[in-house]
Amino acid sequence: MGLDVYLRLPAVQHALIAATLVAIISGLIGPFVVTRRAAFAVHGVSELSFTGAVAGLVWANNAVLGALLGSLVVATGIGLLGVRESERDAAIGVTLAFGLGVGVFLLSRYHASARAAQNILFGQIFGVSNGQLVLLLAVAGAVLLAILVLYRPLLFASVDPEVAEARGVPVKLVGLVFLFVLAVTVTEAAQIVGTLLVLSLAITPAAAAHRLSVRPAVVAGLSVLFALLASDGGLLVSLTGLNSTNVPASAFITAISFAVYLLARLLGPRLVRRRKVRA
Amino acid sequence: MAETATVRLRNAALRFGDRELWGGLDLDVAPGEFLAVLGPNGSGKTSLVKVLLGLQRLSSGTVEVCGRTPQRGSTHVGYVPQQKSFDRDVALRGRDLVRLGLDGHRWGIGLPSRTARQRVDQAISAVGADSYADAPLGKLSGGEQQRLRIAQALLGDPSVLLCDEPLLSLDLHHQQATSALIDERRRATGTSVLFVTHDINPILPMVDRVLYLAGTKWAIGTPDEVMTSERLSELYGTQVDVLRVRGRIVVIGAPDAAHGDLDGSHHHHPVDDDHDHDHDSSTAGPHSWV
Numbered sequence: 001m002g003l004d005v006y007l008r009l010p011a012v013q014h015a016l017i018a019a020t021l022v023a024i025i026s027g028l029i030g031p032f033v034v035t036r037r038a039a040f041a042v043h044g045v046s047e048l049s050f051t052g053a054v055a056g057l058v059w060a061n062n063a064v065l066g067a068l069l070g071s072l073v074v075a076t077g078i079g080l081l082g083v084r085e086s087e088r089d090a091a092i093g094v095t096l097a098f099g100l101g102v103g104v105f106l107l108s109r110y111h112a113s114a115r116a117a118q119n120i121l122f123g124q125i126f127g128v129s130n131g132q133l134v135l136l137l138a139v140a141g142a143v144l145l146a147i148l149v150l151y152r153p154l155l156f157a158s159v160d161p162e163v164a165e166a167r168g169v170p171v172k173l174v175g176l177v178f179l180f181v182l183a184v185t186v187t188e189a190a191q192i193v194g195t196l197l198v199l200s201l202a203i204t205p206a207a208a209a210h211r212l213s214v215r216p217a218v219v220a221g222l223s224v225l226f227a228l229l230a231s232d233g234g235l236l237v238s239l240t241g242l243n244s245t246n247v248p249a250s251a252f253i254t255a256i257s258f259a260v261y262l263l264a265r266l267l268g269p270r271l272v273r274r275r276k277v278r279a
Numbered sequence: 001m002a003e004t005a006t007v008r009l010r011n012a013a014l015r016f017g018d019r020e021l022w023g024g025l026d027l028d029v030a031p032g033e034f035l036a037v038l039g040p041n042g043s044g045k046t047s048l049v050k051v052l053l054g055l056q057r058l059s060s061g062t063v064e065v066c067g068r069t070p071q072r073g074s075t076h077v078g079y080v081p082q083q084k085s086f087d088r089d090v091a092l093r094g095r096d097l098v099r100l101g102l103d104g105h106r107w108g109i110g111l112p113s114r115t116a117r118q119r120v121d122q123a124i125s126a127v128g129a130d131s132y133a134d135a136p137l138g139k140l141s142g143g144e145q146q147r148l149r150i151a152q153a154l155l156g157d158p159s160v161l162l163c164d165e166p167l168l169s170l171d172l173h174h175q176q177a178t179s180a181l182i183d184e185r186r187r188a189t190g191t192s193v194l195f196v197t198h199d200i201n202p203i204l205p206m207v208d209r210v211l212y213l214a215g216t217k218w219a220i221g222t223p224d225e226v227m228t229s230e231r232l233s234e235l236y237g238t239q240v241d242v243l244r245v246r247g248r249i250v251v252i253g254a255p256d257a258a259h260g261d262l263d264g265s266h267h268h269h270p271v272d273d274d275h276d277h278d279h280d281s282s283t284a285g286p287h288s289w290v
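Residue numbers (the working numbering), protein chains in the order written: chain A, 1 to 279; chain B, 1 to 290.
In isolation and in its complexed conformation, chain A is listed as follows:
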């Protein structure tokens, strides 16, 4: 089948819409994750959304709902345990280890489908139902709105927390809300690329963008662009003849994402240095 034939299939259309939505919100939160050095928090939340997803499968046969609830619980936990920055990584590590253990336990009690568990870990983009798409749309809308509202105080609190607090930014509250937004975004991204590969959409595009510009708005724009390129691009590549052995789309998504990052690292120093000389 050619690509044009695939594109007429509802399953493929759903997948493309989902991949686009996830890329937009992941690309938007990415720069904040990089600036706040929260990559480990992203990893922690996504790994633990696995536990939530398995719990969801076991008790309600609904992995997404479980993952969503699980990641919110985890975000709250990280927010409460890791109040001080120096404690944060340790708090995430502790929660992560325990949570994954629970996930393994739950998985051993779930015999319905080994495939389902694998999909949680590595992503299954083509199984997006109408209901899931509606949920994804609602969640993406909420995340988008939250980031737009939080944008300036979050930026201020991320780069210069002391002055931000003095200027009246509720730094702790903003940090906690960001953690929730992050948790929800990560859960959504996990549906596309799997919990193990979330970083390829939530960090890599933003890290590449950081190499190319120091203007906050440009960084945000590039980050979303790179996330879209990886997400939709990886999905489309997985449908073409290049993919004769049915490799999951997430493999291509991470590959494109990484390639963009490598390119940005190669080109970035020149771009940014030149700009400084001119200034």
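Derived by calculation from the structure, the hints in this document are not laboratory data.
A hint or two may mislead.
As the list claims (entries may be wrong) - In the EDC-like style, the derived pairs of lysine to aspartate or glutamate whose C-alpha atoms are separated by at most 20 Å in a straight line are:
id, chain 1, residue 1, chain 2, residue 2
1, B, 217, B, 28
2, B, 84, A, 162
3, B, 217, B, 241
4, A, 172, B, 103
5, A, 172, A, 89
6, B, 217, B, 26
Said to hold, decoys possible - Quick look at which bits of chain A chain B covers, simulated, 3 or more residues with Cβ under 8 Å:
id, stretch
7, 146-152
8, 167-175
9, 211-221
All C-beta atoms, glycine included, are put in the ideal place defined by N, C-alpha and C.
Given chain A's structure and the hints, the job is docking chain B onto it.
Chain B alone, transformed into the frame defined by chain A:
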């Protein structure tokens, strides 16, 4: 003077648990006055700044800034924090940092605005930072970053400028340039300056009065009144010698008032920054100001 004081403290005290940082503090700062706040680590200098920013409540007594109880985010107050370099890779230009001082605390993304841009440009020009305002913030020197922080703090045309060790880790040239900038500004616009520092020498020519905090005691007056052996010995309760050497003030024998205790004023810096500086004199005590 008391009628128009920009900062007014009456019988103010600050305690953390059963440890008193300072008590019975009365202070009036006049418009355009340059007040140096001195004292050893743990004497509550930074906490005083936090009180004036509305981030810390007094244990007792009253405080007013421009006639009102301090509130977080007040436009009457500008704040220049301890000099601390930004990440080399932070995705911000110099002008973006200054802009945050204008509307970084507002919700929403903030649309481009000509007025805002002009105000940011003016603030940048006023501190002479035009040539590097568009460069990556993380790649600027400490002195350049500090100039931009001052531009950010002065953007709202505050009545009071609070500076918490703004010269820390700057070289001598940048120390002079930074303090001269603050001095010019307060003379031009009548902004009161509260300048927290462990070393009075870089700002000695411009200081009107000194507030010296030590133990739970304090002294206030001109540098000539406060920076004397008698006065500081009395504050510290031990023999302290104040020498004038070639226009500089050298304090010898002042003990560390922190008693190894945790000081509420240094949450973000549990490690004592001051130990890194001014240890060029072998005769000086651990906390002398050379």
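(request) Run the structure past the numbered hints and jot down the numbers of the failing ones, going up. (result) Hints that this structure does not satisfy do not exist here, as all of them hold.
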